[in-house]
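As you go down the protein sequences, you meet chains E, U and L in turn.
With the first letter of the first sequence counted as 1, position 305 gets the number 305 in this note's numbering; the numbers rise by one all the way through.
Quick note, this note's numbering runs 1000 ahead of the 1-based positions in the second sequence.
Quick note, this note's numbering runs 2000 ahead of the 1-based positions in the third sequence.
Take these hints with a grain of salt, some might be off.
Cβ-to-Cβ under 10 Å is the rule here; a few derived chain U residues that face chain L [said to hold, decoys possible]:
no. : residue
1   : Lys-1113
2   : Cys-1130
3   : Val-1160
4   : Phe-1195
5   : Ile-1202
6   : Leu-1204
7   : Gly-1208
8   : Ile-1211
9   : Val-1212
10  : Thr-1220
11  : Asn-1224
12  : Ala-1267
13  : Ala-1268
In silico DMTMM-like pairs for lysine to aspartate or glutamate, Cα to Cα no more than 25 Å straight-line [claimed, not checked]:
no. : chain 1 : residue 1 : chain 2 : residue 2
14  : E       : Lys-319   : E       : Asp-173
15  : L       : Lys-2065  : E       : Asp-173
16  : E       : Lys-356   : E       : Asp-117
17  : E       : Lys-59    : U       : Asp-1191
18  : U       : Lys-1255  : E       : Asp-326
19  : L       : Lys-2170  : E       : Asp-97
20  : E       : Lys-357   : E       : Asp-83
21  : U       : Lys-1255  : E       : Glu-404
22  : E       : Lys-260   : U       : Glu-1072
23  : L       : Lys-2162  : E       : Asp-241
24  : L       : Lys-2170  : E       : Asp-241
25  : E       : Lys-408   : L       : Asp-2070
26  : E       : Lys-280   : E       : Glu-349
27  : E       : Lys-415   : L       : Asp-2164
28  : L       : Lys-2029  : U       : Asp-1053
29  : E       : Lys-235   : L       : Asp-2164
30  : L       : Lys-2162  : E       : Glu-248
31  : E       : Lys-280   : U       : Asp-1191
32  : L       : Lys-2065  : E       : Asp-284
33  : E       : Lys-176   : E       : Asp-117
34  : L       : Lys-2029  : U       : Asp-1182
35  : L       : Lys-2170  : E       : Glu-404
36  : U       : Lys-1120  : L       : Glu-2302
37  : U       : Lys-1255  : E       : Asp-224
38  : E       : Lys-279   : U       : Asp-1047
39  : L       : Lys-2029  : U       : Glu-1048
40  : U       : Lys-1186  : L       : Asp-2021
Read the hints as simulated data drawn from the structure, not as lab findings.
A virtual CB, placed ideally from N, CA and C, is assigned to each residue, including glycine.
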Amino acid sequence: MKIRMIAKLAAGAALIAMTAGAAKAAEQVEVLHWWTSGGEAAALNVLKENLQKQGVAWKDMPVAGGAGSAAMTALRARVTAGDPPTAVQLLGFDLRDWAQMGVAANLDDLAKKEGWDKVIPAALQNFSKFDGHWIAAPVNIHSTNWLWINKAALDKAGGKAPTNLAELITMLDAFKGQGLTALAHGGVPWQDGTLWEAVVLSTGGPDFYKKAVLDLDPAALSGDTMKKVFDTMSKLRTYFDPNFSGREWNLSTALVIEGKAGAQEMGDWSKGEWLRANKKPGTDFVCIRFPGTQGSVLFNADQFMMFDVGGDAEKAQLKMASAVEDPAFQIAFNTVKGSVPARTDVSNEKFDDCGKKGMADLAEASSKGTLMGSLAHGYAQPAAIKEAMLDVITQHLNGQLTTEAALKRLPEAVKAAK
Amino acid sequence: MSATQETVSAGGARTGRYFIYAALIILALVYLLPLYVMLSTSLKSLDEIRGGDMLAPPRDPSIAAWVRAWGEACIGVSCVGIKGYFWNSIKMVVPAVLISTLLGALNGYVLTKWRFPGHKLVFGMMLFACFIPFQAVLIPMARVLGTFGLSNSTTGLVLVHVIYGLGFTTLFFRNYYEAFPDELVKAAMIDGAGFFRIFWRILLPSSGPIIVVTIIYQFTNIWNDFLFGVSFSSGTSSPMTVALNNLVASSTGVKEYNVDMAAAVFAALPTLFVYVVAGRYFVRGLMAGAVKG
Amino acid sequence: MTTIEPVPVVVPQRQGRSFADGLRNALPKIVLAPSFAVILLFVYGFILWTVYLSFTTSRILPVYKWGGFDAYYRLWSQPNWYVAMQNLAIFGVLYIGICIALGLAIAILMDQRIRAEGVLRPIFLYPMALSFVVTGTAWKWFLNPGLGLENTMHNLGWTSFKFDWLVNPKMAIYTVVIAGVWQASGFVMAMFLAGLRGIDGEIIKAAQIDGASSVSIYRRIIIPLLRPVFLSAFIVLAHMAIKSYDLVIALTGGGPGNATELPSTFMYSYTFTRNQMNVGSASAVMMLMGITAIIVPYLYSELRERKQ
């Protein structure tokens, strides 16, 4: 017995030594992201398993909270220490800001080999490339100008989905009449901004959105159209329930799912909540573009920015980038996440009606030039300006600023943050 | 000091004491509310939480959420609960507390019993270290840790906690040893005892109360730290608070409040335990020196 | 600090055995030196670095390009910064004031030779043991009108009860005060309790013999004797007020709007999420100056008093 135990121990030790050796030799990617629970993590698991099949170990570095703000702190610490993670989930202008610091890897060879230039929409390439070089692998394309409506409540209110702001107000009044919270909203700056940008797009159309939000034209930011936008925001505010402050978006979605609220303006990630509650598009809920914005898409894409890790780690990094752009992964991930694939050559067969609509809308907007970056998610302006604008938007929505003051403050805040 | 009793008449004393007990009990209940909410929620089912009243006791208590939080809840892509992170925290807290306490004791000893010109300035400068906002030191600290190859390691995290705990530990011991009679030290010196011998044999044995205060203070602060943890560690080597945050503040997904609360209770257990068990010594230790102006 | 001699005791010194003696004499300083060096670098070095950074054009990461007073100009033209300072004033005064008042009150009650002290003491102390990462969710629920206290009162039939401070921009800062007081007042209680237990019983006996009422004994004798505790409590609370961060993030995230922004949250967001690291550093410098203004006079008077 003793001998057997010693043999066991020896075998165990050998095994440990071997696996330790293997771990050292194996390729590894360290991935910083803030998809820490539920379906998103499940979706990410697909990627992890794909890589493991190729012999690449996955070192997970999840940092949740504050829509990625804690993650950004951790990233700064790692980059400053000269020890960046392999890949980092980043959005929009943050990609540029980081690339500007000279810390990005170069994915040009891989992108050329796999023909990324042809299949990834140009609006997105603007951010996945820096100085003409690929630095990031886009995972998906979300869009923010959606309205999610409880089907039962809509049927009671006449069954016709609104197509403009006036009809939206009529519908919300009907919801109010049913004793519901007409519009479920969470009072957090980025959510306020998501609603605001949809209202801007609806009120002024894509050209006005470009002028005001993308080009920051001071006249557009304080003009009559913008006044209408803020007035609409004040009007919409009257349809919220009193507990909206600080509420997470998925709790608002839950209110609509449970039939306590009528509708929610939110990006397509909220579809994930509906699906997880076993609700079906078309029968339990209706997904439409935010009234008055059909034909335009405000996008927000998750991307894995590849950091310059040098040497051996680069091989694993390229494998990961390639795996991210693998059409099979794009389908597996995006059907779970609610978004649409980051490449346009992926079949829509596995997607539900909302997903199919999202893909069609994206293709249409991309060809018409109305595929525009979302402000609230960092695809319209760099962080400093984005946050300065969100300050004004959220203070106005919370009644700390009058419409007049907001119109005056908005161009000032933009100027001060430049 | 119980000044009241003897002076007030018997009947008055009784109503007075009822009043005292009533006031204390009401206050205690108020203070307990958040803990009660955490505990009762962790024992409820999700349906009950969604539909019910926050303050209502659980209808059908179940520890399922606790089991999930400890061993099954998903953090990132791995679903192994928070137990691993619990040990990460222990591995970080124990050395950090011991080292900073020991250094604080030695510093306090030098600053009171082996004074040199300028000792007050040195002490003042060390004390000011208590007041620096930690957000301001993150980036340079990251650079230093990177330079020494300690980025993203438990050793680095221990080092950071020791450094920013030194001000407090030195303060505690310095104030405590200030009141320690110099004569005893002198006598030992005349007997030929050296620096460390005096510390070891004379000061340390009578430092019980202040050691308790220091350990409680450091243990709580380091265990509860989030900012350093999230910046200087990653993935499966993160401390408990970071994992808890990942669990609770996840950006999406179905919120399992009972599991969140159970995880929070787990994260709170060690510090709660320390406070409850050592609370009496805490007041005694404060009496013994830390409070002295 | 280079010319150092052991002060309190006369160590027999002989000229001959210089190295061993020298080592022995230097030993205390050698023991202290690493701690002091570390503090010099990691506190004062970093402070200087932060000051320098505030004069650069740093945005996402530190860059060492001179930017003059631009960051300070930007800081002082941010409406958010004024909101943060105003909130700190409201929060600081109420937090310190209520913590001290409540802490003292509970300490006096606890000092009446009550029975279950061993049970009550940890109840008042435990909030200090928990971080807001842990208790934040519970607090948020409790204060939320739809889920917490207001809802409970409505369920109990008191339908006119209203407690919506958390979602009211004008009142939200007071919810931060409530949670802050809950966390720190027990600690202050422990300090006062320790102070009360340390008072010489003879003084009070003498006063009682003179026929003083218990109220006047507390007012005239005990509370004045606790002066050092007041000072310590003030310092501890003041620095916690200035550093308060978790608290705000857990409860309100700075909202509604920017109604609960504090300098610490301001600094964090400008440094780490708004990519304006120079402005964040400038605000850190302002915070450090504020802390210095409170702490240095205290340290000065403290260390001088000791001398006499």
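Regarding the hint that U/Gly-1208 lies at the interface with chain L, is the smallest CB-CB distance below 10 Å?
15 Å, violated
Distance restraint between U/Lys-1255 and E/Glu-404, which requires alpha-carbon spacing of 25 Å or less
Roughly 39 Å separates the two Cα atoms, so the pair is violated.
Are L/Lys-2170 and E/Asp-241 close enough, with their CA atoms no more than 25 Å apart?
18 Å, holds
Chain L contact restraint on U/Ala-1268 - CB to CB distance below 10 Å
With a closest approach of 5 Å, the U/Ala-1268 hint holds.
L/Lys-2029 paired with U/Asp-1182 [C-alpha distance capped at 25 Å]:
19 Å, holds
Cut-off 10 Å, beta-carbon criterion: hint that U/Leu-1204 touches chain L
It is violated, given that the least Cβ distance between U/Leu-1204 and chain L is near 14 Å, above 10 Å.
Could you grab the alpha-carbon distance between L/Lys-2170 and E/Asp-97 and see if it respects the 25 Å cut-off?
36 Å, violated
Given the hinted pair L/Lys-2170 and E/Glu-404, is their Cα-Cα distance within 25 Å?
20 Å, holds
E/Lys-415 and L/Asp-2164 were given as a pair; does the straight-line alpha-carbon distance stay at or below 25 Å?
Roughly 35 Å separates the two Cα atoms, so the pair is violated.
Are the Cα positions of L/Lys-2065 and E/Asp-284 separated by 25 Å at most?
57 Å, violated
Agreement of E/Lys-319 and E/Asp-173 with the hint, judged by alpha carbon distance not exceeding 25 Å
53 Å, violated
Under the criterion that the straight-line Cα-Cα distance not exceed 25 Å, is the pair U/Lys-1255, E/Asp-224 satisfied?
Answer violated: U/Lys-1255 to E/Asp-224 is near 42 Å, above 25 Å.
Violated hints, listed in ascending order, are 5, 6, 7, 8, 9, 14, 15, 17, 18, 19, 20, 21, 22, 27, 28, 31, 32, 33, 37 and 39; each of the other numbered hints is respected by the structure.
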